[in-house]
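Required output: the full structure, derived from the provided sequences and hints.
Okay, so the sequence shown: first residue is 289 according to the numbering used here, each after it adds one.
It should be emphasised that the hints constitute simulated quantities derived from the structure, not laboratory data. One should not assume that every hint holds.
[To be verified] Below are the BS3-like pairs computed for lysine-lysine, each with C-alpha atoms no more than 30 Å apart in a straight line:
no., residue 1, residue 2
1, K612, K566
2, K549, K390
3, K494, K549
4, K354, K549
5, K390, K362
6, K390, K354
These figures come from a predicted structure and were not determined experimentally.
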Amino acid sequence: MSLFLQVTVVALILISSVPVAQRASSNGVPIQHVVVIVQENHSFDNYFGTYPDANGLPPGVALPAKPNGTASVKPFPLNNDVPPRDICHSWGCAHAEFDGGKMDGFVYTAASVMTMGYFDYHQIPYYWDYASQYVLMDNYFSSVAGPSLPNHLYLVAGQSGGIVTNDRPTRLGFPSIFDELQTSGVSWRYYAQLYASGWNPLPIFKSFVPNASLTKGMQDLVVGLVDQIMRSQYWRSTAVFITWDDYGGWYDHVPPPQVDKYGYGFRVPCLIISPYAKRGFIDPTLADHSSILKFIETLFNLQPIAARDAAASNLMEAFDFSQKARAPLILPGSYLPEHYPLTPLTSPPNTGKAAADAKATGSTILSTSQPISGGDLESSLVLAVVVLGVVAALRRFGRWRW
Numbered sequence: 289m290s291l292f293l294q295v296t297v298v299a300l301i302l303i304s305s306v307p308v309a310q311r312a313s314s315n316g317v318p319i320q321h322v323v324v325i326v327q328e329n330h331s332f333d334n335y336f337g338t339y340p341d342a343n344g345l346p347p348g349v350a351l352p353a354k355p356n357g358t359a360s361v362k363p364f365p366l367n368n369d370v371p372p373r374d375i376c377h378s379w380g381c382a383h384a385e386f387d388g389g390k391m392d393g394f395v396y397t398a399a400s401v402m403t404m405g406y407f408d409y410h411q412i413p414y415y416w417d418y419a420s421q422y423v424l425m426d427n428y429f430s431s432v433a434g435p436s437l438p439n440h441l442y443l444v445a446g447q448s449g450g451i452v453t454n455d456r457p458t459r460l461g462f463p464s465i466f467d468e469l470q471t472s473g474v475s476w477r478y479y480a481q482l483y484a485s486g487w488n489p490l491p492i493f494k495s496f497v498p499n500a501s502l503t504k505g506m507q508d509l510v511v512g513l514v515d516q517i518m519r520s521q522y523w524r525s526t527a528v529f530i531t532w533d534d535y536g537g538w539y540d541h542v543p544p545p546q547v548d549k550y551g552y553g554f555r556v557p558c559l560i561i562s563p564y565a566k567r568g569f570i571d572p573t574l575a576d577h578s579s580i581l582k583f584i585e586t587l588f589n590l591q592p593i594a595a596r597d598a599a600a601s602n603l604m605e606a607f608d609f610s611q612k613a614r615a616p617l618i619l620p621g622s623y624l625p626e627h628y629p630l631t632p633l634t635s636p637p638n639t640g641k642a643a644a645d646a647k648a649t650g651s652t653i654l655s656t657s658q659p660i661s662g663g664d665l666e667s668s669l670v671l672a673v674v675v676l677g678v679v680a681a682l683r684r685f686g687r688w689r690w
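Dropping the structure here:
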């Protein structure tokens, strides 16, 4: 049995592992491996605001360019554009944008119309493909109305200890999920791109023992990881979660429920991929990053480690364990262009939607990559954190190694 756990950072991936005895999951659920891929800085509306039937961008929505001004800035497609600078997504900016639940402060707080930009299948066809065939959650929120570090802390510990910025403390004394996994005999391995950064919280936990190793990432990299899992013998017993740590300053129209003084923060995408995931299911269940903790705790019969994960939904509604294990969706594939849900197209490989969109946008098509060794996946819980990185990182994809 394994749990595959990763956490996102900016340039490199640090590998640390403490192997322990293997153990079967509880509750008769046929999932023994959990993969969590966490990327950076996208709201739900920024990635799936125009996805069919999802709770996306409302028709006619527009935001004021100045406080108390006339609503005039409308959402617009970004095409291949990326922000010339990071859009503010600090604790202060998030609360100014929230504006008491009116969700109208994004443009003037960011001092840029870029916050209203959105992507679709032209730039992120693979994520839309996964949503079409597996589960897309459209009521999933970041845990803290703020930046990366506190949200990563909620993902691994169900709390941030009051931290709401990326300023790293020297040490954290409260427990993480890894302590409970270790004690309970559940094997795990944690990957992050930078050893000591605001996006990699594990080294500041007292119980963490570092063991470094390096590598890089992006959308095609994520697909490469998922493809490798799908091609392996472990596909039939794996659940993959792909999410984003925080909203990154991008607009989202749904006011996050305020469950305590720290959050929720704004909505972020979450995809659930598994041979037992419901097909093409848009899941409206209220959830946040601590819900992934709750899934792990439910799966392996572990106790909650904080108040937030104790109260969280466990995401089991996204699965149908009575169904026959579904065949994997290896991307890219042959599908009708610009059509959701995916419809197979009888043609040679790489001539369908994914290939056409990749050609149009300059994306790299990955058909094969280095396989995950049986030992790595079998003996480790991998919490995979991969950043939607820069183009240069993608061009160096060939240097990825496990």
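Do the hints match the structure? See the list:
Only pairs whose Cα atoms come within 30 Å are accepted, and K612 paired with K566 is accepted, the gap being roughly 11 Å. Between the alpha carbons of K549 and K390 the distance comes to roughly 18 Å, so the proposed pair stays at or under 30 Å and holds. Between K494 and K549 the CA atoms are separated by roughly 26 Å; this keeps the pair inside 30 Å, and the hint holds. Annotation: proposed proximity of K354 to K549 holds, straight-line Cα distance about 27 Å (limit 30 Å).
Under the criterion of a C-alpha separation no larger than 30 Å, the hint pairing K390 with K362 is consistent with the structure, at around 16 Å. Using a Cα cut-off of 30 Å, the hinted pair K390 and K354 holds, with the two alpha carbons roughly 14 Å apart.
Going through the hint list in order, the structure satisfies each hint without exception.
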